[in-house]
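Visitor: Residue-level listing of the chains:
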Amino acid sequence: MAHAATTGAQAAAGTAAPAEGQQHPIKLYLVVWGWLFVLSAFSYLVDYFHLQGYLRWSLILLFMSLKAGLIVAVFMHMAWERLALTYAILLPPVLVLVFVALMVLEADYTLFMRERFFDAGPG
Amino acid sequence: MPDTTPTHARDAITLPAGGAGGVVADWSSDQRAFKSASWGKAMMWIFLLSDTFIFGCFLLSYMTVRMSTTEPWPNPSEVFALEIGGTHLPLILIAIMTFVLISSSGTMAMAVNYGYRRDRVKTAVLMLVTAAFGATFVGMQAFEWSKLIHEGVRPWENPWGAAQFGSSFFMITGFHGTHVTIGVIFLLIIARKVWRGDFDQGKPGFFTSRKGCYEIVEITGLYWHFVDLVWVFIFALFYLW
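The listed protein sequences correspond, in order, to chains A and B. Position 85, counted from 1, in the first sequence is what the working numbering calls 713; the numbers after and before it change by one each time, with no gaps. Position 159, counted from 1, in the second sequence is what the working numbering calls 314; the numbers after and before it change by one each time, with no gaps.
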């Protein structure tokens, strides 16, 4: 409880957000900017060279995740926020993956029914 | 002013510990849970979270109709190809739009940085450059829409295959384009305030009677980077898939 009391007191003292806000070297932004360009070029090349199958899907998803991660972590400064905010914002979208799984099952079922009853011709 | 100003050294003294214990302490504490973020920044993040769900639902419904249709899906690589100087380039318009939007994100990040250095001219100019990139993006999207509509793409039919292609395309890119347009307007309003020196003289900020400060540049930036972020997903899942 003593610990809780001290953190409470510290919290009260630190309620004002830093006056100067987020300050990071310009170089960091330029490096991330460069990487975003490179990763976008790679994504485009995946299509340009007609890569197919699992290689295509995994590369597209990899470049997409890297780009999204760089934007959120550095450009949106999530890497420097406190974990309480990071978890509150980044965990809920992860749960959308459950929704994705549900809709994959649903779409497979719909496709099966359509092929079974609409494309099979008479009878 | 030096490039690195360790403002976070001060946070380490005034803020409670980090890690999992810090999360519990922040969330169970009195008055405010987000101790390092101002109310404006926290509210923008929560708005962006809700917007994430909206775009998530659009992309999910696109996935569902694409997986469940028995008709072949039109090949985006060919649909969005252009002839430039006699060369057939697949998906080139979308690639250029992607680079335009990423460039705008870079200039926005620099604007935020110069804002916190209280360099109002550079901040305003970089925000205007960002807005110009955004307007270019919307212009290219208008070109893309007119081209597709001219070729006979409608929300209910298209010449190449599954009808759901048109409805998904217009819904997703239309909603994203609207976000970019709103972002451009938002950028212009804030850039004007920065240019006039409102945040140096302590005039009221945007939608508030409190003293304005350069943090609004970062909050505008959060919205703008989010628009770029959504495009990353649309580019990968709609155009490349």
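The hints are simulated quantities; they were obtained by calculation from the structure and are not laboratory data. Note that the coordinates shown come from a computational prediction; the quantities given were computed from them, not determined experimentally. Possibly wrong hints are sitting among the right ones.
[Claimed, not checked] Stretches of chain B that chain A covers, calculated by requiring three or more beta carbons in the stretch to come under 8 angstroms of a beta carbon on chain A:
no. : segment
1   : 193 to 206
2   : 305 to 312
3   : 379 to 392
[To be verified] Cβ-to-Cβ under 8 angstroms is the rule here; a few derived chain B residues that face chain A:
no. : residue
4   : G173
5   : K190
6   : T225
7   : S364
8   : Y369
9   : W396
Backbone N, C-alpha and C fix where the C-beta goes; we use that ideal spot for every residue, glycine too.
Visitor: Now, for every hint given, state plainly whether the structure supports it.
Guide: Hints, one by one, checked against the model:
1. 193 to 206: Contact hint for the segment 193 to 206 of chain B vs chain A: holds, 7 residues under 8 angstroms.
2. 305 to 312: violated (count 0)
3. 379 to 392: holds (count 9)
4. G173: holds, 6 angstroms
5. K190: holds, 6 angstroms
6. T225: holds, 5 angstroms
7. S364: violated, 19 angstroms
8. Y369: Since chain A brings a Cβ to about 7 angstroms from Y369/B, closer than 8 angstroms, the hint holds.
9. W396: The hint holds - W396/B has a Cβ within 8 angstroms of chain A, the shortest such distance being about 7 angstroms.
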